[in-house]
Amino acid sequence: MELKELLGGEASSLLAHECTTIPRDRLILPGPDFVDRVVAATDRTPAVLRNLQQVFDHGRLGGTGYLSILPVDQGVEHSAAASFAPNPAYFDPAHLCELAVEGGCNAIASTLGVLGAVSRRYAHRIPFIVKLNHNELLTYPNRYDQVMFASTKQAFDLGAVAVGATVYFGSPESTRQLQEVREAFQVAHELGMFTVLWAYLRNPAFKVDGVDHHLSADLTGQANHLAATVEADIVKQKQPEGNGGYQALKFGKTHPRVYDELTTDHPIDLTRWQVANCYMGRVGLINSGGSSSGQGDLAQAVRTAVINKRAGGMGLIVGRKAFQRPMDQGVELIHAVQDVYLDDAVTIA
Numbered sequence: 000m001e002l003k004e005l006l007g008g009e010a011s012s013l014l015a016h017e018c019t020t021i022p023r024d025r026l027i028l029p030g031p032d033f034v035d036r037v038v039a040a041t042d043r044t045p046a047v048l049r050n051l052q053q054v055f056d057h058g059r060l061g062g063t064g065y066l067s068i069l070p071v072d073q074g075v076e077h078s079a080a081a082s083f084a085p086n087p088a089y090f091d092p093a094h095l096c097e098l099a100v101e102g103g104c105n106a107i108a109s110t111l112g113v114l115g116a117v118s119r120r121y122a123h124r125i126p127f128i129v130k131l132n133h134n135e136l137l138t139y140p141n142r143y144d145q146v147m148f149a150s151t152k153q154a155f156d157l158g159a160v161a162v163g164a165t166v167y168f169g170s171p172e173s174t175r176q177l178q179e180v181r182e183a184f185q186v187a188h189e190l191g192m193f194t195v196l197w198a199y200l201r202n203p204a205f206k207v208d209g210v211d212h213h214l215s216a217d218l219t220g221q222a223n224h225l226a227a228t229v230e231a232d233i234v235k236q237k238q239p240e241g242n243g244g245y246q247a248l249k250f251g252k253t254h255p256r257v258y259d260e261l262t263t264d265h266p267i268d269l270t271r272w273q274v275a276n277c278y279m280g281r282v283g284l285i286n287s288g289g290s291s292s293g294q295g296d297l298a299q300a301v302r303t304a305v306i307n308k309r310a311g312g313m314g315l316i317v318g319r320k321a322f323q324r325p326m327d328q329g330v331e332l333i334h335a336v337q338d339v340y341l342d343d344a345v346t347i348a
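Per our numbering, the sequence shown starts with residue 0, numbered consecutively.
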């Protein structure tokens, strides 16, 4: 299916939009030389540079500077039943790795258990990113807290090139989570692995008058900035669906220019604000592919990729949309997302 057909009535708005809030020439953009041009100027060790370059060189997007990663931590985060019942074959970690390989992904991000179960079979075939902490949902009543399930040393020993972690910014536990993640990321860099932070918001008070500000550009942008501050090399963030979280919640600090000049209500401009908060692109922004709703997943994933790329982002993480369907269909969806980043006609706005 053609890109414009998948985008439907939004095709013109998304593909022709020109961003005048933060011009593209102020951004540090992805590209084949990103490690040499950007990361080599940092305090990262040669081993970190090598592992990051390995991921940039792998898969269908190898050599472009963009990333397509398969994430599978949902067996803990959303329960194994909710995640894998739609396609029980994916209870087997080998099938998840095969999906990442067949999909031409740059890497697979998953739990210590999943990657450790098949590390000797797959660690040399596709780069591993071990997700260190998780929100388990078996405590009654359910609570939402990221706790460590693995150590950085365990990730290193099974052959991972990177570690990932989540901080629930805005939650009562966020300070402890931030401290734990900072320490884990420091060890990861010392061992030569790069780092990925899921910089998510979590607080029931962020829903005001029926509006959910967990996806507000101003709040998610600040979460990205905090992620960059603890030296995440890549930030994973949900794509914004609005703005004005600080104003609605009447807390924190912001500035009128954020809403009057530096953003608009266009999704590309809102996502560009996320990129700007990642040190103007020095830290790559990867957006989340989101949950699977079955029909419509392909169009939604492609839309998210177009917005991310045109905003100056570095790629997309697609999980449930890919593994909650037969493998051939999952591969097709992953390839469709990658095709957006391979399409020279989809430019930076």
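The hints are simulated quantities; they were obtained by calculation from the structure and are not laboratory data. Values in this document were obtained by computation on a predicted structure and should not be read as measured data. Ideal Cβ placement from N, Cα and C applies to all residues, glycine included. Possibly wrong hints are sitting among the right ones.
[Said to hold, decoys possible] Label-pair ranges, simulated between beta-carbon atoms: (1) Tyr139 <-> Thr253: 33 to 41 Å; (2) Ile347 <-> Glu135: 23 to 31 Å; (3) Tyr143 <-> Gly209: 16 to 24 Å; (4) Val207 <-> Thr228: 21 to 29 Å; (5) Arg36 <-> Thr228: 15 to 23 Å.
[To be verified] With a straight-line cut-off of 30 Å between C-alpha atoms, the simulated BS3-like cross-links for lysine-lysine are: (6) Lys249 <-> Lys3; (7) Lys206 <-> Lys252; (8) Lys237 <-> Lys152; (9) Lys206 <-> Lys237; (10) Lys237 <-> Lys249; (11) Lys206 <-> Lys249; (12) Lys252 <-> Lys237.
Going down the list of hints, with the structure as the test:
1. Tyr139 <-> Thr253: 33 to 41 Å: 38 Å, holds
2. Ile347 <-> Glu135: 23 to 31 Å: This hint is violated: roughly 39 Å between Cβ atoms.
3. Tyr143 <-> Gly209: 16 to 24 Å: 21 Å, holds
4. Val207 <-> Thr228: 21 to 29 Å: 27 Å, holds
5. Arg36 <-> Thr228: 15 to 23 Å: 22 Å, holds
6. Lys249 <-> Lys3: 40 Å, violated
7. Lys206 <-> Lys252: 18 Å, holds
8. Lys237 <-> Lys152: At roughly 28 Å apart (the allowed maximum being 30 Å), Lys152 and Lys237 satisfy the hint.
9. Lys206 <-> Lys237: Distance ~16 Å between Lys206 and Lys237 Cα, so the pair holds.
10. Lys237 <-> Lys249: 22 Å, holds
11. Lys206 <-> Lys249: 12 Å, holds
12. Lys252 <-> Lys237: Distance ~22 Å between Lys252 and Lys237 Cα, so the pair holds.
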